[in-house]
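Protein chains: 2
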Amino acid sequence: MRIAELSRSTGVPAPTIKYYLREGLLPPGERTSRNQAQYDERHVRRIKLVRALVEVGGLSIATARDVLARMDAPEHGLLTSLGKVQFAMSTPPSATVEDEVWDEAVRRVDELIERRGWRSVPSNPARRTLASVLATLQRLGQTDKLDLLDSYADAAERIVDDEIEVLLRRPDLDSLAEGLVVWIALGDVMFSALRRIAQESAATPRVPDSNGQAPAGAGADAADTDADADGDGEDPGPEPASPAPES
Amino acid sequence: MRIAELSRSTGVPAPTIKYYLREGLLPPGERTSRNQAQYDERHVRRIKLVRALVEVGGLSIATARDVLARMDAPEHGLLTSLGKVQFAMSTPPSATVEDEVWDEAVRRVDELIERRGWRSVPSNPARRTLASVLATLQRLGQTDKLDLLDSYADAAERIVDDEIEVLLRRPDLDSLAEGLVVWIALGDVMFSALRRIAQESAATPRVPDSNGQAPAGAGADAADTDADADGDGEDPGPEPASPAPES
DNA sequence: ACCTTATGGATAGCGATACTGTCCGCTATC
DNA sequence: GATAGCGGACAGTATCGCTATCCATAAGGT
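In order, the protein sequences belong to chains Z and P.
Residues 15 to 261 (my numbering) are what the first sequence spells out, left to right.
Residues 15 to 261 (my numbering) are what the second sequence spells out, left to right.
There may be inaccurate statements among the hints.
As the list claims (entries may be wrong) - Residues from chain P shown here face chain Z by an in silico Cβ test under 10 Å; the list is partial:
id : residue
1  : Gln50
2  : Gln52
3  : Asp54
4  : Lys62
5  : Leu63
6  : Ser95
7  : Pro107
8  : Asp158
9  : Ala167
10 : Val174
11 : Glu177
12 : Leu187
13 : Ser189
14 : Asp202
Unchecked claim - According to the in silico footprint, chain Z covers these stretches of chain P (three or more CB under 8 Å from chain Z):
id : segment
15 : 96-103
16 : 205-218
The hints are simulated quantities; they were obtained by calculation from the structure and are not laboratory data.
Yeah, the Cβ is synthetic: ideal placement off N, Cα and C, and Gly gets one too.
Could you build all of it, start to finish, from the sequences and the hints given here?
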């Protein structure tokens, strides 16, 4: 298999595949001569994985490279690699103002982790991320939202239990590593989408199905989201998609 | 208040504030003469909000502009605006291969929504996002992960109930709109961080605290994540655990 | 054997994003 | 009246994720 077929069977343009090779996201093919190489099914699979991480999971090329490098290293135990992959995946807040609010946020995170008996090393970037969210909420005066921390933590705990269970159903360890990567990356997106739908549902007033039309808690239409990216964005949608029931 | 003080009290460089003004993220100040304008506390607040959405929430400038425009329009009811904001916030997958796998994913999403009795309009971009995640899982052969859908949906439902409850505790409606925006944007980040910490905890083997050192389910350290972005990423981190906090 | 097409590798360019820097005429303030 | 700062316009910069071009070489049909 050469690059053209690789492109055909993945739908990814050949120049992009070359780019992935350059960037180390894709191992080089087996060279059969000075300027010829053989690729196989593993390359096809890898390209699909890269696209999933980048397009669906929203990872940057550099992050995807790191994550895949970690995945490829088989040295460490099954669950240990979760940490490695996670660390490579997270993009911690670049710079944080180290003031009093920040310190309190960090303290709050530490307390939460201890309160729940979670085993977590202090260097886990997610802890910094969480602290920066808490600090931001504090600085915006949205302190009431902090009450939700434990509610979220409950949900996270429950979800993770199920995740681990499903993950361990895998017999072979290679596919476990890949499953892990896919899962960490896509799980966030999946949950966030579900949460949004659940939010819409909760915000939409109940109607005792006497009315055929949708209750429409959401007034804009899907096309609008893209369309506004170019224009001036001054006019927030004159579209009459599904006018508000209560306005 | 003029631009310099606006910059001082928010920590955002003056040229960036000018940029935000140009892009319509920030309403223009009240002009007192041909080239002089007055800003006030509302501008300070808005700039902080913009930074929260962009830096912590990860929104693009264009998306933040749309979201804020929606927030500013007070025409629609409290909960209706949730939909508007949500729609503006989501970046649906650009292009999707409309094949058999895709159709099945869409069907699965529809079924889920019906099964749970969720009230959701079909144009909600989160539905497309969710479908694309499911389709991707299918195409990668990670079909076992689809079992988690309901587990996630349960968690999402529970979380949203609590969110709504906290949101409605607000007496005034203006701060509700802002709270909504902050919350939709930061909630994802916050939950994802919590999930990562919970994952680390679940993956870290229990030790009956006979040992002083951390069990370390995660082998890399925080600094490594940035550092690897430039180099080859072959060597997963020989650095010691807690590097000096940069100034 | 010949000739068209494709390949791998290197390097340069492109379009979008989020700023950043510079300039300029004007204004506020000392 | 000097001078520092202002608002506004516009050009420039850095990064990201490709995309395009070029080249010597190799594959494959005739």
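**Message:** So, against the hints stated earlier in the document, which numbers end up violated here?
**Reply:** Violated hints: 1, 2, 3 and 12; rest satisfied.
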